[in-house]
Amino acid sequence: MFIRNARRFTAFFLAFAMLVLAAACSTNDPAPATAAPASAAAATVAPAASEPAPAEETAAALPFPNQPTLVPFESRVHITVPVYDRSKEGYPAVDDNYWTQYIQKEFGDKLNIDVEYVAIPRGDVMTKYSLLIAGNETPTIMMEYDYPKVAQWANDGAMGELDLNAFAATAPTYYQAMVDNNQLGYTDLNGKTYFALSERPYYNTTFTYATFVRKDWLDKVGAGVPKSYAEFTAAIDAIIAEGLTDKAPKGIGLPSAAYVKNFPFRDIPVDEKEWVMHSSLGTPGFSWYPTERLLRRQNAEFNKGYISSEYDLDSDTTGGTTQIQTDFINGKTFSYEGYMAATVDWLSAFYQNNPDAELAIASVYQEVEPGVVADAQIRADNPFGMIVGFSSKATDDEKKAAWMLMEWMLQPDVLYVLENGVEGVTFTLGADGLPVVDADYRGTEMLNHNNNIDMTCLVHASKKIGTIEQTIAAIAPKGLPQDFTQALIDNYYDLKAVADKGNAYSDPIFAVAIDSESEYSATLLSLWQEYSVALTKCKPEEFDALYADLSKKFLDAGYQEIIDERLEAYENGFTTKLPK
0 MFIRNARRFT AFFLAFAMLV LAAACSTNDP APATAAPASA AAATVAPAAS EPAPAEETAA
60 ALPFPNQPTL VPFESRVHIT VPVYDRSKEG YPAVDDNYWT QYIQKEFGDK LNIDVEYVAI
120 PRGDVMTKYS LLIAGNETPT IMMEYDYPKV AQWANDGAMG ELDLNAFAAT APTYYQAMVD
180 NNQLGYTDLN GKTYFALSER PYYNTTFTYA TFVRKDWLDK VGAGVPKSYA EFTAAIDAII
240 AEGLTDKAPK GIGLPSAAYV KNFPFRDIPV DEKEWVMHSS LGTPGFSWYP TERLLRRQNA
300 EFNKGYISSE YDLDSDTTGG TTQIQTDFIN GKTFSYEGYM AATVDWLSAF YQNNPDAELA
360 IASVYQEVEP GVVADAQIRA DNPFGMIVGF SSKATDDEKK AAWMLMEWML QPDVLYVLEN
420 GVEGVTFTLG ADGLPVVDAD YRGTEMLNHN NNIDMTCLVH ASKKIGTIEQ TIAAIAPKGL
480 PQDFTQALID NYYDLKAVAD KGNAYSDPIF AVAIDSESEY SATLLSLWQE YSVALTKCKP
540 EEFDALYADL SKKFLDAGYQ EIIDERLEAY ENGFTTKLPK
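Taking numbering that gives the first Met the number 0, the leading residue of the sequence shown gets 0, the next gets one more, and so forth.
Just so you know, these hints were derived from the structure itself, not from any lab.
Built from N, CA and C at the ideal position, the CB exists for glycine as well.
Heads up, a few of these hints could be off.
Said to hold, decoys possible - Cut-off 30 Å, straight-line C-alpha distance, at most; resulting in silico cross-link-like pairs (BS3-like, lysine-lysine):
1. Lys272 <-> Lys246
2. Lys331 <-> Lys538
3. Lys536 <-> Lys260
4. Lys148 <-> Lys495
5. Lys538 <-> Lys127
6. Lys463 <-> Lys249
7. Lys249 <-> Lys272
8. Lys219 <-> Lys463
9. Lys551 <-> Lys226
10. Lys331 <-> Lys219
11. Lys303 <-> Lys495
12. Lys214 <-> Lys495
Said to hold, decoys possible - Estimated spans, in silico, between C-beta atoms of each pair:
13. Val416 <-> Tyr338: 47 to 57 Å
14. Ser227 <-> Tyr492: 14 to 24 Å
15. Asn189 <-> Pro480: 47 to 57 Å
16. Glu541 <-> Gly89: 41 to 51 Å
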């Protein structure tokens, strides 16, 4: 579908989503699961009013009468489902807990399906999958947020093709959600269908991720929350001069991923061909001017003492315990960032160590600097959440059982329980009738990370309740000395204003494999780590010559082949486009 329609895109999505109406009309797309042949409909004779129709009798006998496609298997079917393991202290095992058992009881046992969860280390996803694949233990469901990862599994043969007709017949609600969210254009790779896609609510605002800054420090130096880079540097200079910390106030670490956070440093509008060649989660865009601008600023900050001389001994991994996180918790650094939920461990720990401290949410405009950063720009999420595929070794029954799990989990009543738990135990109802999760509950029924999102991500990327304000209220951290609900709502509308300007977009998605990226990405990540440190720590007068030299080496190490291949795919119509 994607290949036949790759040149047809719409500006409806701020994150450059492709027009998929033509794809939805393709002969390869499934017919509505509820459609019946005209001849069969004409031959149907209505039963007597006093007797239940055969279809009604059948539905009433099913475990889920409102989901007639969920019919028990005659023989036991076993499926394996991945779930992220974040190794959070005080949390239950992700692959065996109250909620995995709940799913087995409420779904699996009723449909004659064994549902086994497989822990996937969040910080080392590809290694774990590689071990499972090599050991002939490929999970029935294979899923990731990043397109390059699922593309690799498909290209390597670990992931099988997906029959969308069969999928729609078994999971009609899930399939219809893909239609409604204009996602069918992302289901194909190299002309073959592999993927189903979950929903990502409010995808172009990244509102669930927030950066917190030390407002009490800002108050002490007579500064507000910085709304430009000039204000930021003035505040940091004053914090250092005032001696509010005995460490470098800006916490950064060695890059742990290929993604380069250079969105703010791109020209507005960004050149589409350059975007296609360099904007990527899979390969660092080192030899691209926004990265040069980013590193030049980082070099200046390092030489002014904003950044530790040993910063590269720590990793910048988000979501795990690092020295960067520890320094913030101990009250040593100015800011830290992460995903929001009813429970945010590092925020709770921060207030335990700094009970008199006050935090604020950083402004999206903090990076703006005339001549360097023209205006706020943000990397929008993809217009989909999890990209879901299925093992090439899975039997038809195993794949069908996996689709049934997706269909069952997507139902509102199921999601309500999985993301809130047991009323009166893990949550209570607020005055508005919406659930309020008890962030401190640690009993048997406790929810795992971020309201069980690592399970429910199979159907959507974040919890959604009512309006955006109600949704944010549900994910705002609870039990802290400060209530950040309104601040997070204000931040959402700031992000939305950036998106409304057209300054929120994601990376290109390719409908063909970029073979050179698979070949060189590991080497280039290693070089990105080495080169970024060298350019951060060098003397300012050495920066230009060193960047030119390292950029050429980076291109010669395989990056030139990658950007050439990416550009060729773009010119052949096999990529998404920027919004117009």
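Right, here's what the structure says about each hint:
1. Lys272 <-> Lys246: violated (42 Å)
2. Lys331 <-> Lys538: holds (26 Å)
3. Lys536 <-> Lys260: holds (18 Å)
4. Lys148 <-> Lys495: The given pair, whose Cα atoms are some 29 Å apart, holds under the 30 Å limit.
5. Lys538 <-> Lys127: Roughly 40 Å between the alpha carbons, so the hint for Lys538 and Lys127 is violated.
6. Lys463 <-> Lys249: violated (33 Å)
7. Lys249 <-> Lys272: Since the Cα atoms of Lys249 and Lys272 sit roughly 34 Å apart, the hinted pair is violated (cutoff 30 Å).
8. Lys219 <-> Lys463: Judged against 30 Å, a Cα distance of about 38 Å means the pair is violated.
9. Lys551 <-> Lys226: violated (36 Å)
10. Lys331 <-> Lys219: holds (15 Å)
11. Lys303 <-> Lys495: violated (34 Å)
12. Lys214 <-> Lys495: holds (24 Å)
13. Val416 <-> Tyr338: 47 to 57 Å: Given range 47 to 57 Å: violated, Cβ gap about 22 Å.
14. Ser227 <-> Tyr492: 14 to 24 Å: holds (19 Å)
15. Asn189 <-> Pro480: 47 to 57 Å: holds (53 Å)
16. Glu541 <-> Gly89: 41 to 51 Å: holds (47 Å)
Checked against the numbered hints listed earlier, the structure breaks hints 1, 5, 6, 7, 8, 9, 11, 13; every other hint is satisfied.
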